[in-house]
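Student: What follows is each chain in one-letter form.
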Amino acid sequence: MGQAYSAGLTVTDSIVLRKDRLLPLKGDVLVKKGDKVKAEDVVAETLLPGKVVPLNLANKLGVTPAQLVSYVKVKAGDKISKGTILAENKGLFGMGFMKNSVASPTDGEVESVSSHTGQILLREPRIPVQVKAFLDGVIAEVIPNEGVIIENKSAYVQGIFGIGGETTGTIKMLAATPSEELHADKIDDSCKGKIIVAGAFIRLAAIDKARKAGVKAIITGGVDDQDIKQILGYDLGVAITGHENVGITIVCTEGFGKIDMATKTFELLKQFEGFKTSIHGRTQIRAGVIRPEIIIPLEFQEDELTVVESKLPVLEPGTLIRIIRQPNFGKIAKVVGMPEELTKVESETMVRVLEAQFEDGKVMRLPRANVEVIES
Amino acid sequence: MQYDEKRLTRIVATDCGSTTTKAILIEWVDGEYRQTIRGEAPTTVEAPLNDVTKGVINSVQELEELARLKYNNPNIRFMENGEFVIPRKGDVGVDAYVSTSSAGGGLQMMVTGVVASMTGESAERAALGAGAIVMDLIASNDKRMNHEKIERIRQLRPDMILMAGGEDGGTIKHVVEMAELVSAADPKPRLGTGYKLPVIYAGNKQAIGEVEETLSNKVHLMITENIRPKLETENLGPARDKIHDIFMEHVMQQAPGYNKLMTWTMGPDHESVPIMPTPAAVGNIMQAVARAENIEVVGVDIGGATTDIFSVFTEEFVFNRTVSANLGMSYSISNVLASSGIANIMRWVPFHIDESELRNMIKNKMIRPTTIPSLLEELVLEQAIAKEALRLAFEQHKEFAVTLKGTQRQRDISEAFSQSTSGATIVNMMTLGLLVGSGGVLSHAPRRNQSVMMMIDAFLPEGITRLAVDSIFMMPHLGVLSEICEKAATEVFNKDCLIYLGTCVAPVGRNKPGKLALSAKITLPDGTVFNEDIPYGELRLIPLGVGEVAKAQLKSHGGTVLDKDRNKELEIDLHGGKVGIVLDTRGRQPFELPVEAEARVPLLKKWMKELKAYPEEILN
Chain A
1 MGQAYSAGLT VTDSIVLRKD RLLPLKGDVL VKKGDKVKAE DVVAETLLPG KVVPLNLANK
61 LGVTPAQLVS YVKVKAGDKI SKGTILAENK GLFGMGFMKN SVASPTDGEV ESVSSHTGQI
121 LLREPRIPVQ VKAFLDGVIA EVIPNEGVII ENKSAYVQGI FGIGGETTGT IKMLAATPSE
181 ELHADKIDDS CKGKIIVAGA FIRLAAIDKA RKAGVKAIIT GGVDDQDIKQ ILGYDLGVAI
241 TGHENVGITI VCTEGFGKID MATKTFELLK QFEGFKTSIH GRTQIRAGVI RPEIIIPLEF
301 QEDELTVVES KLPVLEPGTL IRIIRQPNFG KIAKVVGMPE ELTKVESETM VRVLEAQFED
361 GKVMRLPRAN VEVIES
Chain B
1 MQYDEKRLTR IVATDCGSTT TKAILIEWVD GEYRQTIRGE APTTVEAPLN DVTKGVINSV
61 QELEELARLK YNNPNIRFME NGEFVIPRKG DVGVDAYVST SSAGGGLQMM VTGVVASMTG
121 ESAERAALGA GAIVMDLIAS NDKRMNHEKI ERIRQLRPDM ILMAGGEDGG TIKHVVEMAE
181 LVSAADPKPR LGTGYKLPVI YAGNKQAIGE VEETLSNKVH LMITENIRPK LETENLGPAR
241 DKIHDIFMEH VMQQAPGYNK LMTWTMGPDH ESVPIMPTPA AVGNIMQAVA RAENIEVVGV
301 DIGGATTDIF SVFTEEFVFN RTVSANLGMS YSISNVLASS GIANIMRWVP FHIDESELRN
361 MIKNKMIRPT TIPSLLEELV LEQAIAKEAL RLAFEQHKEF AVTLKGTQRQ RDISEAFSQS
421 TSGATIVNMM TLGLLVGSGG VLSHAPRRNQ SVMMMIDAFL PEGITRLAVD SIFMMPHLGV
481 LSEICEKAAT EVFNKDCLIY LGTCVAPVGR NKPGKLALSA KITLPDGTVF NEDIPYGELR
541 LIPLGVGEVA KAQLKSHGGT VLDKDRNKEL EIDLHGGKVG IVLDTRGRQP FELPVEAEAR
601 VPLLKKWMKE LKAYPEEILN
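In the order they appear, the protein sequences are chains A and B.
Residue numbering for the first sequence follows the numbering used here, beginning at 1 and increasing consecutively.
Residue numbering for the second sequence follows the numbering used here, beginning at 1 and increasing consecutively.
You may find that some hints are simply not true.
Below, a list of computed lysine-lysine pairs in the DSSO-like style, where the Cα atoms sit at most 27 Å apart [as the list claims (entries may be wrong)]:
(1) A/K344 x B/K512
(2) A/K60 x B/K173
(3) A/K73 x B/K173
(4) A/K344 x B/K143
(5) A/K75 x B/K196
(6) A/K362 x A/K334
(7) A/K186 x A/K209
(8) A/K75 x B/K609
(9) B/K218 x A/K75
(10) A/K75 x B/K173
(11) A/K344 x B/K196
(12) B/K143 x A/K51
(13) A/K19 x B/K512
(14) A/K73 x B/K218
(15) A/K186 x A/K229
(16) B/K564 x A/K26
(17) A/K60 x A/K90
(18) A/K51 x B/K605
(19) B/K578 x B/K512
(20) B/K218 x A/K132
(21) A/K334 x A/K344
(22) A/K51 x B/K612
(23) A/K51 x B/K512
(24) B/K188 x A/K26
(25) B/K605 x A/K79
(26) A/K60 x B/K143
Okay, the calculated beta carbon distance ranges per label pair [claimed, not checked]:
(27) B/I342 x A/D360: 30 to 40 Å
(28) B/E271 x A/K331: 39 to 49 Å
(29) A/K331 x B/R566: 52 to 62 Å
(30) B/V595 x A/D360: 38 to 48 Å
Bear in mind the hints are in silico, worked out from the structure with no lab data behind them.
Ideal Cβ positions, reconstructed from N, Cα and C, are used throughout, including at glycine.
Please build the complete structure, drawing on both the sequences and the hints.
Tutor: Structure, rendered in structure tokens:
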């Protein structure tokens, strides 16, 4: 009997979280260590360089790039406004007849003027970018010019897949059981600004109604691939999501198709119905895995904020597991054996297996790769 | 520098992949080089260890332990005090240590050119051949507005940029314009912020001064020979070498632990052997083998996220590599569906399955990429998807591996009516000698017969083609080893790296179903004779073991031919393997499957039964 490490998603009613909130470029941090912040508060901001607007001045004036230097009216670094004359020729016979000039199409500044290509590069004004706290908590650390690390104590659920960006709202249970499908008729105006919880499944009609009703986010066991395609307008090729602007955030806790939400997840969400929650659908399943998160901040004393070192979940006799691939996808079982030898499964693949006992007492051998640990 | 068996008797080679560091031991045993032991350990470039050498040490420790067991000698050691002992002194040490690396996402590049299909494509070929992933090709004529190009350059954070454009004496203006766009974007390197982004200029030499003036303040600019000095000439070598230098000097320096690893890789005289990007090493070994055997070779590595295809074609052994960045069997599996369409996947499935069930299954594999098919039905579905991933990747490869575009050729009268034009693919399945598959779905298929089926259905080899798999993906190790000992690399490639599966015989051309397509008389080494007139639209499997050779008399009928010279009769030796000889009379150019499931499914079942690809119960 051995043991092995296995991947698993975290579902817990209390965890100390530390979240980086960083700017894309260096800028100003607006809070200091120890400050208490709300999810909506701006913690850092910066100005991104404006867009570059290239313009072929020589072509527009009808001169060669080398000649341009005698007609150009601005130089690199000059501030300009929309309409500023960038270059001007002298007209016919130098008398000003049919004089031709080129005006700036934008506010900003001159980046460069080239006598090789006749091209001028203009840079639009800088664009302000703000980073919000996203979760209620306390500033644990300030990274000068870059951002902050926020700590809090939360109830916490990792989803398996999601779409849509960061948002906040309060949890509202619309399903009575983890195996229920959420239909559109249950969604009404009272759901506005809420994070609604379905059971096993939600279809496009209900998702559309939720969007119209102003629902912030949906948490569901499963969704149909075709419905996600409809919402996004394209077939999802690789799981890199979270940037979609679809008017709602969706987090799946189990996967694609109708799959009962894990009882533990469902009960935990029910326990915190009415609580303010931060949620995002960001998913990236490649190096540096990112999964969607449901964060329900709790009251805490600062001395409680000790981050426990995360441990890899261990598979061993007694471990509670969930099956994450057919057969028995979604079912819960208990590990009763960890045979060492490679075992041939139905597909004739030779794999490391475990022996799992289901709730009805039946024992089956399953590939270790096809289960995840349910952390207690 | 090349060494022989007098100097190299024991070599350790590692490949530091994104997830696993694989070590192999190569030894001079009984008058030949053999790969004797292998070990592996997780790669350690990420937190908490942040040092690639830890994973190397762990994998080499496994080698040492296995070597002590194998030779029943407790004194064998390759490292002392955490470093290799070079050269070997009896039981202790090795004569050389070499390594490849693709950890940390490999080498990521952006390339630029003036005309996308000419200098742009040459730049892309140089970067891919050097082992890079090409994030984007930006060209003067690529139909994007200049401000869009600048935005794109700024968003990408490559490890380096390769700029081409203009033949010598050609356009300067367009080349400088591209340099201005790069300068305006002010691109930042992917790893680290403490250094300037390396940019290689390999374009019109008359534009060097202007390019330097435009870029030298913003980036670390290096100049090398023009990649396309004339339209008719491609000169990729200097740019590829420069890419490798920069990969070592700049990119690898930023990756944790590589500074130390770079001091470890050396030959018996302590002369450094540069760490190679993994795909570049694969290219090396494939070219070496093609030259040594005088054959054309295609290799494929299908992974979870990407599919790499390597080929060596023509009498000049022209090497090409493509990376299909979003075709793979787990992370990218959903993109295979999006690219091929559901109908193309379903055409390989010998049973009915609900479309939405299949779509959801594929998406679930994408979000849980480490799961494996436990049910037979799911294995069949994954292999159907693999065929499409391979087919699409190979199509991309064929479009890329072409003769130079934009050139004018003088033709003699014999060519006047042929279809050959500039930009035509050099991939010729009829002259291909060896097709090598690797990557989990091909190397670890439960039955080797399934690997044969996937490779034939996806690549559609023509004429006579040998098939093999690289079971533990040893090609990278052998590729970098060939830098110091080509003999060891090719010997081990033939004896230990490849698992030969057999030979495919496929007459090319159209015929009518049921009509006679191929008469085959095959005499096996034990004297048994296989003799059959095979109708069009059939498969036959004749078992013939590894290392065995059968004498074949082949005659094709109807509109089909057997080789590049359009011969209809051949007497030839056919090589065996784990699976044997496959006679495929299903037609080529075109290969067609019935569209209607009622007609197609019985055919698939018949072929799969004949190939013994799956247990009978799923095919009844």
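Student: So, against the hints stated earlier in the document, which numbers end up violated here?
Tutor: 1, 4, 8, 11, 13, 16, 18, 19, 20, 22, 23, 25, 28
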